[in-house]
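Listed below, chain by chain, are the residues.
There are 2 protein chains.
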Amino acid sequence: MLCADKIEARSVEEMFINIDPIQAGGRLTPEAQKAVLAYSDGYSVCDNCLKPFRLDYIKKPPLSEFHEDCAKWLNMDAVRVVPGARRGFQAVASTLVEKGDPVILTALSHYTEFVSVEQSGGIPCEIPKDENNHITGENAAQKIEDVIKEYNKTPSLLFVEHADYQFGNIHDIKGVVKAAHSYDIPVLLNGAYTVGIMPVDGKDIGADFIIGSGHKSMAAPAPSGIIATTEEYAQKVFRTTQAKGDVTGRTFGIKEVEMMGCTLMGVTMAGLVASFPAVKKRVENWDTEIKHSRMVADALCSIEGTKCLSDMPREHTLTRINTIESFDKVAETHKKRGYFFSAELKKKGICGVIAGSTKVWKYNTFGLTDRQTMYLCDSFKEIAKENGLNVNE
Amino acid sequence: MLCADKIEARSVEEMFINIDPIQAGGRLTPEAQKAVLAYSDGYSVCDNCLKPFRLDYIKKPPLSEFHEDCAKWLNMDAVRVVPGARRGFQAVASTLVEKGDPVILTALSHYTEFVSVEQSGGIPCEIPKDENNHITGENAAQKIEDVIKEYNKTPSLLFVEHADYQFGNIHDIKGVVKAAHSYDIPVLLNGAYTVGIMPVDGKDIGADFIIGSGHKSMAAPAPSGIIATTEEYAQKVFRTTQAKGDVTGRTFGIKEVEMMGCTLMGVTMAGLVASFPAVKKRVENWDTEIKHSRMVADALCSIEGTKCLSDMPREHTLTRINTIESFDKVAETHKKRGYFFSAELKKKGICGVIAGSTKVWKYNTFGLTDRQTMYLCDSFKEIAKENGLNVNE
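Going down the list, the protein sequences come from chains A and B.
When we follow UniProt numbering, the leftmost residue of the first sequence carries the number 1, and every step to the right adds one.
When we follow UniProt numbering, the leftmost residue of the second sequence carries the number 1, and every step to the right adds one.
Derived from the structure by calculation, the hints contain no laboratory data.
Warning: the hint list may mix true and false statements.
Selected chain A positions facing chain B (Cβ under 8 Å, derived; list incomplete) [what the hints assert, rightly or not]:
no., residue
1, V12
2, P221
3, D246
4, T288
DSSO-like, lysine-lysine: derived pairs with alpha carbons at most 30 Å apart [to be verified]:
no., chain 1, residue 1, chain 2, residue 2
5, A, K236, B, K99
6, A, K99, B, K153
7, B, K348, A, K34
8, B, K347, A, K51
9, B, K34, A, K149
10, B, K60, A, K346
11, B, K51, A, K336
12, B, K236, A, K244
13, A, K280, A, K174
14, A, K51, B, K307
15, A, K203, A, K236
16, B, K34, A, K59
17, B, K59, B, K203
18, A, K60, B, K51
19, A, K178, B, K244
20, B, K153, A, K51
21, B, K359, A, K60
22, A, K60, B, K346
23, B, K244, A, K51
24, A, K236, A, K174
25, A, K60, B, K178
26, A, K236, B, K329
27, A, K244, B, K34
28, B, K336, A, K51
29, B, K60, A, K348
30, B, K59, A, K346
31, B, K307, A, K34
32, A, K335, B, K281
33, B, K60, A, K335
34, B, K348, A, K60
35, A, K347, B, K347
Every residue, glycine too, gets a C-beta built ideally from N, C-alpha and C.
Given the sequences, and given the hints that come with them, work out the whole structure.
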């Protein structure tokens with residue numbers, strides 16, 4: 001039988017330096033932690049919901065203000081909150097993609113983008129990455145041409161990752177947007193790895209949609225996220241319900257179809273809002289984050305046989321590393337096999353590397369202090385030396 | 001500018017007896033409150049996610065166990081968690097309803113059911129309520145007949161509320177299921193007001209889908225909920241993605257299309273699981289809840305001019321009351337107008353009645369202790385007497 005006491009207290013962030021690739025940007029701020037305590041109950045943000053009864057109109061707590069400020073911050077016209085970035089993809093695809101439409105994604109698209117296309121009955125078509133693992137405007141234009149020829153139909157939507165989940169590379173978004181817009185294809189920017197950790201300017205980028213993840217990059221509880229768009233597309237994706245009861249004649253006011261009315265009625269909303277001032281501040285420190293990311297990538301690359309698969313020098317905190325010729329060599333003969341690596345990291349107070357991984361793996365340095373960064377660098381090098389690998393210092 | 005300090009601590013549940021119609025069942029248990037503290041960070045339940053990388057396979061915390069236990073508890077074959085009951089409606093409608101399909105709902109259906117039908121392109125058709133505000137098998141059968149005649153098509157889905165949001169009446173679900181199944185129409189039971197507060201036996205009811213709300217009735221943070229179904233429909237609604245990258249050849253394993261992969265990756269999931277043992281226990285105390293609900297309805301009805309619009313004697317804790325000839329008469333001449341009522345309740349430590357409401361309003365007694373119930377009864381009567389209304393004691 002399931003017992004509540006099986007839910008042991010989690011203390012990962014208190015006890016360890018956590019370099020998990022997906023968890024770094026979703027660690028709560030102290031402000032959010034406080035809000036979570038106060039707003040943990042079910043419909044906790046609805047105490048003062050007044051006509052017209054919709055989440056983004058609530059004034060206390062200041063949810064309407066958050067919606068406005070968040071749109072301004074991203075330099076977009078309108079924002080709504082959603083239960084995760086994926087639910088933003090779903091809302092857009094469900095609105096713009098008809099059955100049988102080709103939809104452009106990329107060779108680095110996250111599976112949730114594919115699923116949103118599958119749900120709407122679209123046909124996913126990937127822009128290939130170039131030899132540097134980048135998505136370029138040129139390849140986007142070529143793919144659009146190819147797809148139009150093959151399907152005799154202009155794609156109804158294009159998804160592109162601001163920073164992708166595989167390499168953490170920053171892509172040629174402006175080039176991609178330019179290509180898409182020259183065919184009047186709207187662009188959805190997947191900002192799950194950028195919105196909330198680095199500066200994002202919607203008008204500058206030119207995207208029609210910017211989607212962010214609360215639990216991945218905005219220091220908010222799961223599931224949460226935001227969808228930002230232009231006035232033009234807000235009319236479409238945020239359209240209100242037209243449903244009517246055939247017997248009762250009921251209509252349902254200003255509830256938005258793709259949002260299904262309200263989305264985040266409690267703790268997730270409160271956490272997102274409470275973290276927002278700190279999130280706005282932290283994106284201004286992106287230079288420091290990059291400095292830390294470069295220090296760690298350099299430390300790892302100083303270990304003989306190790307290769308960084310992401311762009312060097314690093315321009316993001318998420319990094320993909322190949323240690324087949326270094327730590328995996330150790331694993332071959334180590335009595336703990338591949339588990340030695342995560343075990344030794346854990347002994348040093350570092351977690352977030354999948355247990356058993358010594359070949360190709362990812363880590364994220366976002367949010368580390370100077371001291372933690374140096375300690376992390378030293379720890380990787382120490383583990384290498386202790387296991388007989390050469391380190392070029 | 002938005003400031004985190006504008007998120008004032010919320011103390012509604014600590015300071016007041018809260019009879020808000022939608023908040024009563026979503027108040028956290030102490031176990032969930034503890035879990036929320038520990039699992040507040042973004043992707044907090046994903047620390048030990050191993051292959052095949054899906055939320056319902058995670059063993060620590062015991063999420064896979066929760067999924068199994070919850071299915072057993074509801075006497076259904078399979079369960080998934082969703083970001084709110086509405087996302088369960090969406091998953092089912094998106095799977096079963098094709099554009100132009102008639103879909104049966106009821107005159108008491110919640111707007112989120114209508115929206116899910118609208119999203120899938122279906123045509124909502126309401127079963128009328130009878131003179132007692134009930135949805136009956138007879139009316140369901142008649143409506144199905146009428147719809148088949150009008151659209152020359154069998155409805156692809158039927159939604160019915162176990163207890164509706166307007167009156168909190170318990171409907172003739174078995175009759176409705178029988179009618180629907182005789183036309184091979186699958187039935188979705190909206191258990192947002194029942195799953196987690198009263199006993200629900202899926203096999204006994206015969207529904208094909210049972211949908212529950214975490215933040216409304218399972219003492220969990222928002223947004224959360226569950227969708228339970230039979231083996232037959234699990235194949236359909238929980239189908240895995242078939243998407244494939246045309247360039248990379250990537251496929252996406254066992255991610256489920258309608259779930260969009262994973263749904264509740266942190267605090268919402270932890271809260272749902274932590275509350276579950278207490279929730280299972282509390283549904284066994286439904287008799288006590290009914291006793292309390294009846295005491296309060298009786299107390300209100302003892303105030304001259306007051307009418308209960310829900311079934312009497314009460315069979316649920318959500319109740320709709322008409323005080324046009326009692327408290328609204330007072331409001332006509334009171335210097336605070338309609339606000340006197342919520343203000344006087346507040347003075348007595350009672351909240352959850354919409355400020356200004358004195359005509360037709362709803363309350364929910366779920367979770368009150370004996371003492372709180374008696375205090376609530378006395379408070380209503382005291383406010384009546386203090387304002388010159390007769391009370392039949």
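Against the structure, the hints come out as follows:
no., hint, verdict
1, V12, "6 Å, holds"
2, P221, "4 Å, holds"
3, D246, "6 Å, holds"
4, T288, "21 Å, violated"
5, K236(A) with K99(B), "19 Å, holds"
6, K99(A) with K153(B), "22 Å, holds"
7, K348(B) with K34(A), "28 Å, holds"
8, K347(B) with K51(A), "24 Å, holds"
9, K34(B) with K149(A), "58 Å, violated"
10, K60(B) with K346(A), "18 Å, holds"
11, K51(B) with K336(A), "20 Å, holds"
12, K236(B) with K244(A), "28 Å, holds"
13, K280(A) with K174(A), "23 Å, holds"
14, K51(A) with K307(B), "25 Å, holds"
15, K203(A) with K236(A), "19 Å, holds"
16, K34(B) with K59(A), "28 Å, holds"
17, K59(B) with K203(B), "27 Å, holds"
18, K60(A) with K51(B), "43 Å, violated"
19, K178(A) with K244(B), "26 Å, holds"
20, K153(B) with K51(A), "39 Å, violated"
21, K359(B) with K60(A), "25 Å, holds"
22, K60(A) with K346(B), "18 Å, holds"
23, K244(B) with K51(A), "45 Å, violated"
24, K236(A) with K174(A), "24 Å, holds"
25, K60(A) with K178(B), "46 Å, violated"
26, K236(A) with K329(B), "45 Å, violated"
27, K244(A) with K34(B), "43 Å, violated"
28, K336(B) with K51(A), "20 Å, holds"
29, K60(B) with K348(A), "23 Å, holds"
30, K59(B) with K346(A), "20 Å, holds"
31, K307(B) with K34(A), "43 Å, violated"
32, K335(A) with K281(B), "48 Å, violated"
33, K60(B) with K335(A), "26 Å, holds"
34, K348(B) with K60(A), "23 Å, holds"
35, K347(A) with K347(B), "56 Å, violated"
The structure is inconsistent with the numbered hints 4, 9, 18, 20, 23, 25, 26, 27, 31, 32 and 35, although it conforms to all the rest.
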